[in-house]
Amino acid sequence: NAGVTQTPKFQVLKTGQSMTLQCAQDMNHNSMYWYRQDPGMGLRLIYYSASEGTTDKGEVPNGYNVSRLNKREFSLRLESAAPSQTSVYFCASSEMDPSYEQYFGPGTRLTVT
Amino acid sequence: QKEVEQNSGPLSVPEGAIASLNCTYSDRGSQSFFWYRQYSGKSPELIMFIYSNGDKEDGRFTAQLNKASQYVSLLIRDSQPSDSATYLCAVRTYNAGNMLTFGGGTRLMVKP
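Chains A and B, in that order, are what the protein sequence lines are.
Reading the first sequence from the start, the letters are residues 671 to 783 in the working numbering.
Reading the second sequence from the start, the letters are residues 338 to 449 in the working numbering.
Each statement offered as a hint is correct.
Below, a list of computed lysine-lysine pairs in the DSSO-like style, where the Cα atoms sit at most 30 Å apart:
(1) 379/B / 727/A
(2) 727/A / 404/B
(3) 379/B / 684/A
(4) 339/B / 727/A
(5) 379/B / 741/A
(6) 679/A / 379/B
(7) 404/B / 393/B
Think of the hints as simulated: they come from the structure by calculation, not from any bench.
So that you can see chain A by itself, here it is in the shape it has in the complex:
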């Protein structure tokens, strides 16, 4: 039982490049989330998916897109990376809504130069 997995663990991009961060969970959770964490800022919600087939914007969605590929997988895409997107990205899942415990993946450390 791996929980929440994320790939890659580290990535360096040049400004304007694109990439997709992958996330998968094996806990049969309905809800999945993408956060970014910057020093002193805590975790900020980028996008979430309350259930398979639905996605909604969070607090900081600009510059990102998401896909809920199936119940297990939720990907985050940066179409044209900018230095302001340098951050640590966490994927999380919960059984139902956020009142339930959220389980976090190990994170992806992204640097945009």
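Fit chain B to the given chain A structure using the hints.
Leaving out everything else, chain B in the frame of chain A:
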């Protein structure tokens, strides 16, 4: 004003002491409150949640909620060096579409 505020610390306590971590929130309609622990370079993990006013105890941890004053706190009794981490307060806020809003975290250092 940030939705959820925490003192960034570091909060330094000696081993065996009580560590007190505080969090204030601005959305008066918030219903659910969570404390996550995050070790350096790792992902957050849930320690406790609290929904009702008063205290909730789990082992060495006690969460305290005061909705009238809009604050939630976490007490760690008999602090151990292994408790050294950043503690994130998270609040389920209706203003944010029922999503969790996280504070910036308080870094706790427990000195042997």
